[in-house]
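**Student:** Listed below are the residues making up each chain.
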Amino acid sequence: MEALKAQFPATNFTLLAVVLALPLLGAFVNGVFGKRLGKAGVRLMALSALGGSFIAALATFLLLPKGEGGGTLAWTAWRWFSLNGRMGQTVPIDVAFSVDAMSATMMLVVTGVGFLIHLYSSEYMVKDPGYHRFFAYLNLFCFAMLTLVMADNMAVLFVGWEGVGLCSYLLIGFWFGDEKNATAGKKAFIVNRIGDFGLLVAMAILLYYTGSLRFAEINANARNLLDPVTIWPFGNLPIESQWDAANPGANAAYKAIVHLFLPEKGVQVYASTLVGLAMFLGAAGKSAQIPLYVWLPDAMAGPTPVSALIHAATMVTAGVYLVARTSAVFLMSPAAMATVAVLGCATAIFAASIGLFQHDLKKVLAYSTVSQLGFMFIGVGVGAFAAGFFHVFTHAFFKACLFLGAGSVIHAMHARIHDTDKSQDIRNMGGLKKFMPITRWTFLLSCFAIAGAPPLAGFWSKDEILWRAFSTKIVAPEVGRLEPLWTWPSWLGQGIYWVGVVAATMTAFYMFRAYFLTFHGEFRGWKIVAGWKEPKHGHGHDDHGHDDHHDHHDDGAPLEGPKPHESPLAMTLPLMVLAVFAVFAGFLMAEPIHIEPLGHMLSPVFTRAHDAVVLRAEGVEKLMWPMMGPGVAAFLGGTGAAMVVYLNKGGAPEESFKKAAPGLYRLIYDKWRIDELYDAVVVGMVDALADIFTAADKWLIDGVLAKLTAAIVAFFGTVLRTFQTGRVQVYGAAMALGLAGVGFFLVRPHAEATVDDSKLRSAGEVVISAAPGPGYTYRWEGTGTEQKDFGVVREVRINVNPGETKDVKLHVRNAFAQEATQSFAVTRPGRGFPSSAAPVPLVPGTVVPAGGGSIPAKDIPGLINPRGAQ
Amino acid sequence: MSPLDFVFQYWPAIGAGILGALVPRGDASTKQRAGLGFITALTTLFVIWLWPTEGAAQAAKVPGEWPHLLNLLIALPLVGAAAVLFIPRQMLSLLRGFTYVVLGIGFVASLWLLTVPMTAGWHFQYIKDWMPTLGIRYHVAIDGISLWLVLLTTFVTPIAAYASFGSIKTRIKEFCFALLLLQGGMIGAFLALDLFLFYVFWELMLVPMFLMIGIWGGADRVKAAIKFFLYTMAGSVLMLAAIIYLVWTHQKLTGDFTFDYLALSRVVLPKSAQLLCFWAFSLAFFIKVPMWPVHTWLPDAHVQAPTGGSVILAAVMLKLGTYAYMRFSMGLFPGPASNLSANLAGVAILGGILYGALVAWKQRDVKRLVAYSSVAHLGFVMLGLFSATPMGMQGAVLQMVNHGVSTGALFLLVGVIYDRRHTREVDEFGGLAKVMPIYAVVFLIVTFASVGVPGTNGFVGEFLVIMGTFLSERLGKFAGIHTVGAAAGVILAAVYMLYVVQKMFFGPLTNPKNKHLPDLTVRESLALAPLVLMIFVIGFFPAIFLDRMKESILLHHNQYKVVSGQAILFADERDAKLLPEDTFSPAFLKGMPKKEQPEAPAAGGEGSQAALGGEGKVAQ
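Chains as they are written, first to last, in UniProt numbering: chain R, 1 to 870; chain Y, 1 to 620.
If you're looking for bench data, these hints aren't it; they were derived computationally from the structure.
Source: prediction; values computed, not measured.
Glycine included, every Cβ here is placed at the ideal spot set by N, Cα and C.
One or more of the hints may lead you astray.
Stated by the list, open to error - Partial pick of chain Y residues on the chain R-facing surface, computed with a CB cut under 8 angstroms:
| id | residue |
| --- | --- |
| 1 | Trp-66 |
| 2 | His-68 |
| 3 | Val-460 |
Claimed, not checked - Beta-carbon label-pair distances, calculated as ranges:
| id | chain 1 | residue 1 | chain 2 | residue 2 | range |
| --- | --- | --- | --- | --- | --- |
| 4 | Y | Asp-582 | R | Gly-743 | 53 to 63 angstroms |
| 5 | R | Ile-595 | Y | Phe-8 | 51 to 61 angstroms |
| 6 | R | Val-682 | Y | Ala-219 | 47 to 57 angstroms |
| 7 | R | Ala-763 | Y | Ile-244 | 34 to 44 angstroms |
| 8 | R | Gly-738 | Y | Leu-569 | 42 to 52 angstroms |
| 9 | R | Ser-762 | Y | Trp-248 | 21 to 31 angstroms |
| 10 | R | Met-685 | Y | Val-222 | 33 to 43 angstroms |
| 11 | R | Ile-231 | Y | Trp-248 | 19 to 29 angstroms |
| 12 | Y | Glu-203 | R | Ala-711 | 21 to 31 angstroms |
| 13 | Y | Ile-438 | R | Leu-636 | 53 to 63 angstroms |
| 14 | R | Gly-684 | Y | Ser-167 | 38 to 48 angstroms |
Claimed, not checked - Only pairs whose alpha carbons sit at most 25 angstroms apart, straight line, appear in this in silico PhoX-like list of lysine-lysine:
| id | chain 1 | residue 1 | chain 2 | residue 2 |
| --- | --- | --- | --- | --- |
| 15 | R | Lys-180 | Y | Lys-362 |
| 16 | Y | Lys-223 | R | Lys-707 |
| 17 | Y | Lys-515 | R | Lys-35 |
| 18 | R | Lys-788 | R | Lys-809 |
| 19 | R | Lys-35 | Y | Lys-31 |
| 20 | R | Lys-759 | Y | Lys-252 |
| 21 | R | Lys-707 | Y | Lys-362 |
| 22 | Y | Lys-477 | Y | Lys-561 |
| 23 | R | Lys-180 | R | Lys-363 |
| 24 | Y | Lys-477 | R | Lys-265 |
| 25 | Y | Lys-434 | R | Lys-39 |
| 26 | R | Lys-422 | R | Lys-187 |
| 27 | R | Lys-433 | R | Lys-422 |
| 28 | Y | Lys-31 | Y | Lys-128 |
| 29 | R | Lys-180 | Y | Lys-434 |
| 30 | R | Lys-127 | Y | Lys-434 |
| 31 | Y | Lys-252 | Y | Lys-271 |
| 32 | R | Lys-759 | Y | Lys-271 |
| 33 | R | Lys-180 | Y | Lys-513 |
| 34 | R | Lys-35 | Y | Lys-434 |
| 35 | R | Lys-698 | Y | Lys-223 |
| 36 | R | Lys-422 | R | Lys-563 |
| 37 | Y | Lys-362 | R | Lys-187 |
| 38 | R | Lys-127 | R | Lys-39 |
| 39 | Y | Lys-362 | R | Lys-698 |
| 40 | R | Lys-127 | Y | Lys-515 |
Hey, can you work out the whole structure from these sequences and the hints?
**Tutor:** Structural data, given as structure tokens:
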């Protein structure tokens, strides 16, 4: 141990490289050379990669510095790139990893559970032609997930974050030949991307306020986030009073609309709330919370081990991990915490309600996962980060066990049915306990664990979360003497507690419903064989079921296919290991009985929570044991009800409920039709927008810029072409007309002049020079020196005193003794510029003397106004 | 160095080369193995070579900058193009071989640029009088910004040539000529610092691309070529007018004619003229980028262009618009560029990133889809430039390179399927991953690079741009909403790219025409390999790229910041003015044409105003 410590110093802990590199190597070798290696080689590579990674992770866990302050092990690989902070300072972004108690625990879960699931899959997928591809993806996933949990900064976390999303996409669509699977994969990726959008925005805000993306520094500088930000009205939009001032004459209807949208004063929130909400959007995407949970149930299209590893044990808990990791940021914003807790709570009960009547075994487990993730978010939302994280930990075991058990069942069913959907339908199962005893017992133990039966793992973690929700509240961080923008209401925690208890009851009910329907009663799978045509490969090894099912032979179709059988050891061994953990893992943090080694390890990670999370009221801590009662009652009630309904009465009450309230039953069975709602609202809107844009691109933009301009040019071409007739007479006529026009212009006098007022402001001097013309003579009026007759003075210089206005009149006479007149008003502003004089409206039809460096008249109102012409 | 030392020093490259040679399945040809091994080894060598090592900065003695290197880079393809004319058109291998050699020498020579530490200012500068009476000089130089674009050009063009020779079978001689001429024009435009010279190159590269689309294009090629030409031409003519006005103003101010970019940077035009000239320049560049709403030539040109033409058009030519905006619009007219940046950023986000992505999603022709995705990606580049933070600008330049690599690869991939099926309609495909697994994998990798998944090149650029946008002072109150808009673009990128991937590769293989398509050929895989490797090299080690552009970007950014402030402050309603030389960094002004007579009004601020009173007035 000491030798290891000397070998790997805490600041350059290269063992982390081993943890990461092995799965990556596995992914590369299996992906590129997998087909040549053969199945045995692929299996060896994948398992040894994960196994080696697990051993390295275990060593890391053991080498973790112990003690009061906790400790981290860090390894920096290379400088990735660098950013700039608000002050222009360099913010290096390294490919760096650091491990504390929380990430070390996660590493163990990822590699440990990951190894078991790899082992399981090596048998489960053995008949699949894409064996090597599967393990390449699975290894790549483990690499990405390890990157996520070991990341030292948000950017590296984001690599893992998107990496797991990518692997999830690939694995959901693993059997891509079916359109449905590919669509489910795409949906998962895109919904996750919506979350990633939130994470990107959160990173930008964090960089701005905390000047770093490293978790240690973000948490240390979290108080910088207590900066009020006006979120509405944004940009240049005014608040209502400003708008009123700017638009005094607006009519009432317009005002009402403005009143609706523009607030009295700007809506302010702390930057920490924005970060928290943006980050929670990311977490909700990855961890399938309302409003982004819709992808997870569809993701069950992937192979079952994938559902166990990615969509139950590890990836989906990344959101919880993220919130716990940036706990200091969330603690700066009680509003964001409350959002997390309330949405978590809503998800917990909402998903549990959907789970009540699903027929697909994997769908039940999927909604159960969503619901349990909701519990985890309740935990981190009420400030019980350790408890929330502990539920991540225990859930990884029992839910992985449940999924793998379901996989084992489906494996057995699939051997009979050869139809993915039918082999997952619990209406086709039943009575499997006598065929698959190991699967049955491990499944049962995990059901007890998830339902919260004391003293199994789920009981301790779920009870801890609910108790914390009940007993604590979040104190708003102090910002000088300012009032906090939002405070935690006292009823919130209790409300969450009771909703959580109801959700826990439902959990117990639907889990045991699934258990009883799957493993108890008669095997209903015999019946569905009727429509099944025996494939060419002949009879199975122990087909032709039991004599008591001979009646099904009567409808002509043979009762073929193997009877369900227990899975091989490579599949049952992981089940047994996971079941053991599902039973005993709770004692790592059993707070009420004061056995909490994991709790002690985790507490330094969440030191900042100690100040901000306080007891709701005096003496509430005495209620700890009594408040366990509702939790246990939830387990007993839910389990008992399921037992009565499905074991004793064979599901009759569900049928009667279906008859009594068919609409409600359908609605719940159709998952409250949220997918349809999203399709109609969000997807439909974006789709319509895209259609409009596409049409506009073709007809409006291209139409105007390309087609219209071309048409105009063509038009002029056509018009002008008509003159080019080639007839001398037409050209002669055009020439005569042109000459007449020029002649007329020359005969008329034009009293035009340029005004140079560049020295008007400084010296009061204005130079007016008249335009020359054939035989022009000029007479000026109002220049000071009176002029009786026309002369040759083309340019006059006049002086204007401050505040004075001078009118200058120009008469022009040409060689044909025709005269024209133009007058100019020159105003020199008084001392206080601009003068209050209202601008003199321009006389229409006059030409502002242009050129000569003069400025447009509209820019100097009241300075020069040519009045009248000729 | 003994061979053993070589082995010890470069073992990762050798190992990578062996690994690369092992990647193809058992029945692969030796050519493919050797090619892939060579490409992987070279890429690894490239990373090792550029890897920042401790003390390298101090130890790196400034090697001599061979002044003719840039001349070589520009002249070689041009001379090569002329030489192609003398090769008989029947000697196809000689024509191809000659083109490869010229492009290959160009690429190797351009690597030389990397040996020089890219400190702020101009490198490899070469100046020669061309038309002294008009002050037109042959002035070329490189800095950290154009460095990567020149390298991108010399890197992508040989690949495009290699891929093109697989599918283009007619008029090889003309194709070689056009390709080399194009290469010369593009490199010249990236390197020119004399506005006249720049204009010449800018127009020069239009001609071969016009020919490429018009001769080797699809069914509607002539129409698309004319549209491409007219759009670009309309912009460049405006730019020419603005250049002449600027030069004339400078002549009024100083008495000297010069087309030199550095000298003209000092001119502060009157406010209205400034705005007009900014738009004249920028419109030319926006058309080239292309930015909404002058983007519609791009999909047409891409759809009709042959694969090689599309690759060069997307990878390099569009970058000329963004590069030129950065260099010339921001350099010559920082005032309007700065004032308008929030509005222009809004256009880049709404019209580029979001609109481009949504329209791309609705395209049924894969090539059209990729073309619209270019509009979206270049929206990110322009956003980075408008945000005008060092971060955003670095992201923009990196994103230019990224887009060149990943969109270039996408066009190659679309070309692959077009060569086999002579259609690009997505509805014709489905389930291709079963018959063409390697093609599917490569397409998927490039797709995720295009979507911007971290670990690939697309992420780093987009990330820098988004961060830069939020921290931008120029965007002011809009920085937040711009960030949200830009970040929303990453969702839509996934929507349209995954849509096309699913339609083409997943689902059942229904169309009988697709049942027996061959997978990537040797030529195709060798053309794609360097691009795919670069996707990961930039994704994992962006620092080796960013470090070399950082100093130049900082210089450019600081100058933009200072000069835009000055320009806004001192711009007059009617008079043009000359900024004092000390407004600029001496590194920037190195190589500026010097006046012989020493009466230059070098005083700044108030003093210069007084001095300008007499001669600085420009009458309209």
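**Student:** Tell me, in ascending order, the numbers of any earlier hints that this structure violates.
**Tutor:** Of the numbered hints, 1, 2, 6, 11 and 28 do not hold.
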